[in-house]
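A.B. asks: So the sequence lines, in the order shown, correspond to chains A and B. Using the working numbering, read the first sequence as starting at 1 and increasing by one per residue. Using the working numbering, read the second sequence as starting at 1001 and increasing by one per residue.
A hint or two may mislead.
What the simulated footprint calls covered on chain A by chain B, stretch by stretch (three residues with Cβ under 8 Å from a Cβ of chain B suffice, anywhere in the stretch; the number is not a length) [to be verified]:
1) 69-76
2) 122-131
3) 184-196
4) 218-232
5) 235-249
6) 257-264
7) 274-282
Simulated from the structure, these hints should not be mistaken for laboratory data. For every residue, glycine included, the Cβ atom is placed at its ideal position computed from N, Cα and C.
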Amino acid sequence: MHSSGFFLNDVAGFLGGYYTFLALMNGIAAFILWRKKNAPGWALVWSVFAGVMMILASLALSASKSMVPALPMAVRSLVNSLSGPVLYTLGTTALFTGLFVFRKFFVQPMVAWSVLNFTLLLLGLSMADENFAAIVMKPDNVPIVGLVYLLAFFTWVATKQAVVNDERIKQGLPVVEKVNDEKVLVWPDLVYTELICMVGVSALLLVWALFLPAPLEEPASSVKTPNPSKAPWYFLGLQEMLVYFDPWYAGVVLPSLVVFGLMAMPYLDFNKKGNGYYSIEERKFSYLVYQFGFFELWITLIILGTFLRGPNWNFFGPFEYWTPYKVEVLNNVDLPQMFWVQWLNQPLPRAPQDAGVLSQIGFIFLREAPGLLIMGVYLVVLPPLMAVTIFRGFYAKMGFIRYMVMSNLMLLMLTLPLKMILRWTVNLKYIISIPEFSLNF
Amino acid sequence: MAIGETIRNSQIWKSIFRHPMPLDRRNRIVVMLTNFFLHLHPVSIKKQGIALSFTWCMGGVTFFLFLVETVTGVLLMFYYRPTLEWAYNDILALRDVTSLGILRELHRWGAHAMVITTWLHMYRVFLTGSYKPPREFNWVIGVILLLLTLLLSFTGYLLPWDQLAIWAITVGSNMARATPILGYEGPGQQLLTIGGIDMITDGSDARFGLLGARFVGEETLNRFYVLHCIAIPLAAALLLAIHFWRVRKDGGISGPL
Chain A
1 MHSSGFFLND VAGFLGGYYT FLALMNGIAA FILWRKKNAP GWALVWSVFA
51 GVMMILASLA LSASKSMVPA LPMAVRSLVN SLSGPVLYTL GTTALFTGLF
101 VFRKFFVQPM VAWSVLNFTL LLLGLSMADE NFAAIVMKPD NVPIVGLVYL
151 LAFFTWVATK QAVVNDERIK QGLPVVEKVN DEKVLVWPDL VYTELICMVG
201 VSALLLVWAL FLPAPLEEPA SSVKTPNPSK APWYFLGLQE MLVYFDPWYA
251 GVVLPSLVVF GLMAMPYLDF NKKGNGYYSI EERKFSYLVY QFGFFELWIT
301 LIILGTFLRG PNWNFFGPFE YWTPYKVEVL NNVDLPQMFW VQWLNQPLPR
351 APQDAGVLSQ IGFIFLREAP GLLIMGVYLV VLPPLMAVTI FRGFYAKMGF
401 IRYMVMSNLM LLMLTLPLKM ILRWTVNLKY IISIPEFSLN F
Chain B
1001 MAIGETIRNS QIWKSIFRHP MPLDRRNRIV VMLTNFFLHL HPVSIKKQGI
1051 ALSFTWCMGG VTFFLFLVET VTGVLLMFYY RPTLEWAYND ILALRDVTSL
1101 GILRELHRWG AHAMVITTWL HMYRVFLTGS YKPPREFNWV IGVILLLLTL
1151 LLSFTGYLLP WDQLAIWAIT VGSNMARATP ILGYEGPGQQ LLTIGGIDMI
1201 TDGSDARFGL LGARFVGEET LNRFYVLHCI AIPLAAALLL AIHFWRVRKD
1251 GGISGPL
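This is chain B alone, in the form it adopts within the complex (with noise of 0.2 Å):
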């Protein structure tokens, strides 16, 4: 206890905290506003709002895993080499050879985690009239991060280079060859037709700049590792921090009027 003490007044403790222990009631209001990460949330609650029955947790559950998947994402950056000599050794020593190989794991479980999370949250939102006024502009910064998620996920999905990983590549991006007007095969291509020359050929179209090839290969891999690595989580890191802003200067947590 004494040792404790000592701890707590010293110096460099106090620079960190600028208030004694969250123990009494007005202690307890200042931590919540001169911690940074604290200060997210508002000091007080109503009851309602935090009742388990009531918010799922989801949200801050997919925030969580969204944590888990950067620190594990960029512990397997030390390790992955998104080449073709290398991309499926990397991964097949990470399962058989690597201490810690496990990071997969939960780096891959927890991203299938995340899209169940988000759709469950967004669920909730939506059973609650959530979405409703004032909240309406944050649920469509939502529906958008809810496509970052999934977008996340299908980047990732081709890292590991195996059979699996290309083909869902193949299949799911397939569909941009049938984009309308831009892609090669889709409706209205012949309309961006000048003086005889098609613009839109295989090696131009919706798909080729989605895949950076006329195919599924080392291009695409570098491609999807940074929007996977770098591009995409920024962008949803700046959502969701607007997103958690905008609980806040909406009302909070949404309750009965």
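Next comes chain A alone, as it looks inside the complex (with noise of 0.2 Å):
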């Protein structure tokens, strides 16, 4: 480990040159606003920011290394203590239903322009501090920064054209898309495109490669392993469901659900509307559930299995080191032990000594008879009783096979929410649990 010293010293330029970036994308932002004349007083704020963030360069350039601008300790301390997979799961869930909600608020400009240069200064005052610096500057999690700002802009950039067209379409008044809808020829206008699209993206390309160099570790050991232990990180989703599920099916099942779902989507969805546009209000259902797939149960389990999961996949704070030695209770407990043991107060049933195969398995059912009941009920019971209820109007349009398919998929989808429900609030650890046959759910 560096001492303090040496990593501010390592980090300080880097941090001089970041703010000197924020402060060049304020000021021209503010320039911008100046020229276009409608919005001075945001040129201002902006133009006092960008000063702002050249007094932040100036300090992280200076000599003095305790002049480096970061986040109280005492700040760090609280968000550590806070953080952990529970409240991090419930405040991105809040996160994204307040943004969904208060969409027609966030899409404008400059509140979007805000919420960037906020979460870009914390991002930096945060990047002083050694610990989240380690994990956040290796070179193979440096992709996922990008990512999460890229998921940003071009929601942030569908969503404002969706708020624009439902508005829209409320009025009567046909999409932007179709407004726009004069013909043009290929040769120059798309041809110049895709070539400017080519040299900025090679270029971009070119710089990312120059300065972060490809991370190569020591040479490959199949005795010793690292802890933590890491999938690549655009699977490290599927690792963290596995702290809820056992491999076959958070490994197996579940990932193969994924790919035949997002193949079928096209011929669940009967919705016609909304196809070539873009627009939320038109088509709901389907934007909250592939919204929910992506970004709940995708995208936020990356960031989690990288950025917060440490050695024995144990939970850890943005700003807390990453101790192999830090100790968390397991006190799960399989449903048939709970309903068994503790509420019947008597042994799991068991098979005697000399019993044949069947009898065996028939008191392997009766032990997990209340798991089965439960998910016979959910996978079972569930979807018919959705389809006299709450989906009628859905399996009226969609017929028996389709729509059974779609249910079984959505709560298949919403097993891993549960799951996770389960295990904070009652330790559940699996519902069905016969080790006899490896089969754990």
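Given two chains presented individually in distinct reference frames, assemble the corresponding complex, making use of the accompanying hints.
C.D. replies: Next up, the structure:
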């Protein structure tokens, strides 16, 4: 480990450049706003902000390393002590819900710009923390920071257009995409756009490659297991699911279902509206299901698995040192244990020593009866029940097979958040636990 | 100018480009119809269909990154040998000794970027409802391409043969051990027992098929190398061709009806 002085030496130059970049970015924004003349107040706000960023840059680059701007220690410890898987999941859920519900507010360019500035400033201040920087600046983790900002940016771009379109549809006007349907020649209009994109991407890639060396650790050794051992970052959502499910489900069945579900999507979505333009109101159900799967169950889990899971896959706060000696209490209980032992106060049903195979299987069924019953109700009784209640309209339009595929896919998708909640609230480990056949669920 | 004129009037030039420069409307149409690379595109397109705020250009960027990966990958193949003896040392030399060792950075960051742009492309296609009829099947092909992109990245992750590589692949491929029925630690593995002999063992299960061995070793390196450099790129190239062809056949870029 570096001592703090060395670390700040290393990071100060980067932060100086970073804050200068923020100052430039806001200076340009202020200039454009001032030229447009319609928001002089905002132009002033961003020039002042740019000035503050310049001061932070000079502080970071000053000779005294104690001047490098950073979050106060008290704030960092507070964040560390507060954060955990439960708060992280609930917090991101609340964040997405808020962004969705108040989307008309957040798509305003000045609001979005403020949010961007706030997060970038927070990122800069956090970067001066040694533990935070050690994880975020790992070469293979840098793309995820990029991913987060790209996703936020493009979600903003899309939501902005959807909000405008939804408003126009409400007023009986054609959507923006429809208005703009004049035809142009592909040469030069599209061909040149593509060329410029190619040049831009090449330049970006070259700069990225020049400044960030690809990681290369010690030579491979099958006897030295690193702690934590992590899959490539795009699979860390799946690895995080291993906390709640056994590998056969989290690593094989669920990913296959994701692929199958994605492929089935166009055949399940019977809504003819919203084809070829941005809209939320016209296809709220499919929109929310997709966003829930993509943001909640894929992206946030990748971020959790990458930045917040340390040695022994324990949860670590963003400013916490990844010590392998962190102890976490594992007091999870299986449902059969809960049902027979804790509630009925009797031992688990077990076949006598000399019982035949069939009798043994019978006893396993008896032991697992509560879990099997719950899963049976969940996967077999619930779909028809929903077909005559909340999804009555869906069922009528989709027909039996399509409806059953959709409802089962959705229920299986929901097994993950439900299992999370059961784990946090009642420490449930498995609903069905048949180690005899390696079948734990 | 005179030299340019001479070149454009030469027999060689005219044999390659069978029309004048695309400066007027007629020749801008002709260039799209006669050029092999450009004929993927239509001649004219709705202005909306090329607005960056609508398309994000992410499909195009993904394809461009695929080309970058192909070129840098081929160049890296000249240098890199997928054996226990050389794999790590070759990467080490690419970092410390070789001129243009930056090819490895370009290849690695290009791969990460390609995963991200694929997701963003899918995200855009979803948000504009472009998977809806008549484009359902092209979405399905797109999902397979997403899978191939992830597999390309995953197989490539092993090749540097450092601690990061071997353990990421070990963690990832350990999942296959738990495949229902076909993995030796998976549920229902006992079903394939014939005459008291287990058919599914750690030497014959899904994970063994993936790794070519009971653990990540030289067989795995060779297997992943071949998958990474030949098998998956070929499959991806074929599906890309179908994907692009279907974009045209299904009515071009989507737009409101």
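A.B. asks: Confirm or reject each hint.
C.D. replies: Checked hints:
1. Counting residues of the region 69-76 of chain A whose C-beta sits closer than 8 Å to any C-beta of chain B gives 0, which falls short of three, so the coverage hint is violated.
2. Remark: the region 122-131 of chain A is not confirmed as covered by chain B, as 0 of its residues place a Cβ nearer than 8 Å to a Cβ of that chain, below the required three.
3. For the region 184-196 of chain A, the proposed coverage by chain B is satisfied: 10 residues have a C-beta within less than 8 Å of a C-beta in that chain, meeting the threshold of three.
4. Counting residues of the region 218-232 of chain A whose CB lies closer than 8 Å to any CB of chain B gives 12, which reaches the minimum of 3, so the coverage claim holds.
5. Look at the region 235-249 of chain A against chain B: 6 of its residues bring a Cβ nearer than 8 Å to a Cβ of that chain, three or more, so the hint holds.
6. Check on the region 257-264 of chain A: 3 of its residues sit with their Cβ under 8 Å from a Cβ of chain B, so the three-residue criterion for coverage holds.
7. Counting residues of the region 274-282 of chain A whose beta-carbon sits less than 8 Å from any beta-carbon of chain B gives 6, enough to reach three: the coverage restraint holds.
Of the numbered hints given earlier, the model fails hints 1 and 2; all others are met.
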